[in-house]
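Trainee: What follows is the residue order along each chain.
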Amino acid sequence: MFRHWLVRLRSLLHREAIEAEFDEELRYHFDREVERNVARGLSQEEARRAARRALGNAGRVKEEAREAWSWRWLDELTQDVVYALRILRRAPGFTAVVVATLALGIGANTAVFSVVRSVLLRPLPFPEDDRLAVLLLRAPTFNFVDFPSSPPEYAAYRDHARSWDQLAAYRVRSATVTGDGGEPERVVVVYATWNLFPALRIEPPLGRSFTAEEAAEGSNQVAVLSHGYWMTRYGGDLRVIGRTVRLDGAPRTVVGVIPAAFGFPTRDVRFWLPLGFTPQDLQERGNHSFSIVGRLRSGVTLAWAQSELDNLVARFTAEPSFNFHQWHPAYLRSLRTEMVGDVSRTLWVMLGAVALVLAIACANVANLLLVRSENRIREMSMRTALGAGRRRLASQLLTESLVMAGAGGLAGLALAYGGAAALRAVAPADLPRLDEISVDATVLAFTTILTVGAAALFGLAPALHAGRPDLQGVLREEGRGGTVGRKRIRLRQVLVVSETALAVVLLVAAGLLLKSFRRLMAVDPGYRTERLLTARIAIPSATYAGARDVVGFYQALLPRIASLPGVIAAGAAGGLPLMGGVGPSDIEVEGWVNPGDAPRPIADIQAVTPGYFAALGIPQLEGRVFEERDGTDAPLVAVVSQSLARTYWPGRSALGGRIRVDGDVEPFAQVVGVVGDVRQERLDRPAARGTLYLAHAQTPYTWAPSRTMRLTVGTSIEPATVLNAIRIEVRALDPSVPLYEVRTMDQAVADATATQRFSMLLQTLFALVALSLSAIGLYGVLAFTVARRTAEIGIRLALGAQQSEVRRMVVRQGMSIVTIALGLGVAGALASGRLIRSLLFGVSPRDPGTYAAVVGMLIAVALLACWVPARRASRVDPAEALRAE
Amino acid sequence: MAGRKIDLLQGTLDLIVLKMLRAGPANGWQLTQSIQVVSKGALDVNYGSIYPSLRRLEAQGWVSGSWAMTDNNRRARFYQLTPAGRRQLAAEREQWKRFSTALGLILGAD
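The listed protein sequences derive, respectively, from chains A and B. In case it helps, this note's numbering puts the first sequence at residues 1 to 885. In case it helps, this note's numbering puts the second sequence at residues 886 to 995.
Please note: incorrect hints may appear among the correct ones.
[Claimed, not checked] Label pairs and their calculated CB-CB ranges: (1) Asp-929/B - Ala-96/A: 48 to 56 Å; (2) Val-922/B - Thr-78/A: 36 to 44 Å; (3) Asp-956/B - Thr-78/A: 20 to 28 Å; (4) Asp-929/B - Val-81/A: 36 to 44 Å; (5) Arg-49/A - Ser-919/B: 19 to 27 Å; (6) Val-81/A - Gly-993/B: 19 to 27 Å.
[Unchecked claim] With a cut-off of at most 35 Å between alpha-carbon atoms, the simulated DSBU-like pairs for lysine-lysine come out as follows: (7) Lys-925/B - Lys-904/B; (8) Lys-925/B - Lys-62/A; (9) Lys-62/A - Lys-904/B; (10) Lys-515/A - Lys-925/B; (11) Lys-982/B - Lys-904/B; (12) Lys-925/B - Lys-982/B.
No lab work stands behind these hints, which were simulated from the structure alone. All figures in this text were calculated on a predicted structure; none of them were measured in a lab. Beta carbons: idealized from backbone N, C-alpha and C, even for Gly.
Let the hints inform the model, and build the full structure from the sequences given.
Mentor: Shown next as structure tokens:
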């Protein structure tokens, strides 16, 4: 055995010496053969010739002998790779196109896969997150889905469902932070039952979460702080534990800080506050304001828990003790679906698009390789004749493909790193878990599999028919441009048809997204988005201690800004549409009676200055908006949005109605005006709630008039040009007041539509890549057939055919391919329309305009791709074509 | 097809070469000659098959080659059986005998 390896090792190390020895050995044999022939009476010359005839092909013997060594594969591999590199270097254009095509397909794939993996496939930052689910209701009477629960419903499920380890309830609200020495700030808070943290299995690294006792009404008021807010507002101070902060004026003791990766239900939550239910709360069956999330017992499936839930609803409906007028059908959804659901469709569609691009890329590369192998049939036949084994040729071709695929894979990987970074940069900031996106080992493995798979795929086709070359046929017909390639031309046509059809599908998808993006941008959000400058401004509490000082500053500043040249109106508000700071609060509407099971009154609350409505261009529909006279001491007034007015004063005017924020100590404010609805959170759907506007000067006690405001300045000129003048006015009033976070509403709109812009952009990119690839493919097929038919075309021309006829002939051939591809592609696009429907806005997935545009565009590009070969065909010189034969 | 023919010959040729070498060291030329003589001209093994066969056997460690002088004073590569080659020959002969007996029984039965 040892010897056995020694022989192999020797063969590897002393290859040249061994080759020389082998030559000597064969020479000895040859000489003996000659000697024998001479002994038989032949002349020296005849003897040599006879020996050569008897011994045959020396090259083949050597190759076969070499094959006997097991190192042969390594030997061959090196040889193949060297040969492949030489061949590829000789055709740099071809190699570049193939490598670039692959790099594009693989790189785009890896980049998008990285995003998909980070956002979709990686588990949530909660242990065993597959056991977490949310419980939602359907309210058929109101046509509501994903409807929150009421306290008695939550209690019933918590006490009777056996499938759960923990079932927690929570609701998201906003509150103003004061009493900690910092600036008052409006932040998002979550009221949650004590078991939310055990359900999610989140342990505060600092301090603790709250206990069941602390959640009981009237007990010590505590709060748990988010990691991010701890860092930004309290500088990561460990002494924050035990500190008292006021939320909407109520003192809370901070007992814990939550881990950095944690955010529930969203990342912008700053405080978690204990939620408990009094016996009275538990009777409030109409109070549908609580979301439910729970952890299933280990081993319990979602389906099992769902069937238990169905049984419970049936039982509660039947049992008189649970009898209240209606039990809503309840359903479960995994937390992962709930958290990434919104974007998953976008990402999967994108992944599908990328897969199509890779398929097209592979088809194209296969196509290119087929052309090459056509051109190399002679080379292959020659090598077969010279004794190269069939397996050897196939592996040679495969090596070439693999070398190219390897280069393509490497370039693709580089592209993937760049692409993932670029995607991270252009991706919408609210894409969940965006900061976790990275190209990692799994993605790397994915790419490698893709690369090798692609290489095998297209390496196979030429290797297969190189394995079976019709030797004599080729050598006989060589240069005649005979019919050898006909079957292969068919194969290539099939490839071109498929890739063009796939390109059509991508083009349609891109066209639809482009159109819906345009529709989205054309949506009227209820305020103006152009020439609206916003900036944050914060005045120090040391100088402006009381509410009057704060109000006084803004009352002095805003008129000065409004009188600047180029400024139409100037206002300020605590928060702005699309920019945050506007949150829902419970409200009280005097005299409003719940007609049945409607959710508790709720509205987005905004405290604004008089100029706000004019600056944003929010139309005034009834009554008036705020004026200077609505000061701190004047009677409290309110302005409501149209939908709020319709909901709580149905069938009559809201003017004169009385309304206030729930829990406020101030009396009701009188509604003096109704204004248009505003899309506060997103552009693609109307606001979920109406808006209640309060005068900044009259901001309720629990909120305190905000010192930090967002200036809103409507201009008649380019907004950036007035910025300096605004800064000067602010400085003139108080040089210590900073102006920061300057943004135009245009930018905010761009951010709010970033997801749509993102998918539209990528899809368009993919579609253009696909289109150019299939154009290259089409050109390749036609150029090849024209080259094959040069002689025939020459004869036609010699016999008097017009150049234009020849051109038409080629174009007709190309367009017949395109027509089939168009038919298949349109059918495919129609079939897949369902998949992207949810990504579309105001456009049908079967939008005829888009289809027509795609068909037109494809035909135009195809004509271009046909034109060059057609022209070349018509320029064939008959004499030369015939001579070449 | 050519490929199958080689496949059929391969195993047997290796066995024949092993058997021939049992008599003593020999070079490639001598082997082709003696195979022709011993088989009474029925097998004409040319150098296109003998050298690959020798290489295979050498790679397996069943024969070893070394350079030596021939009768007419020329350098040639001589091959001899290794102990492993002896064992292999015995095993293959045994197998071949069983196979040809079985084949004889089947083809001879009427």
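Trainee: Could you tell me which of the hints above the structure violates, numbers in ascending order?
Mentor: 3, 6, 10
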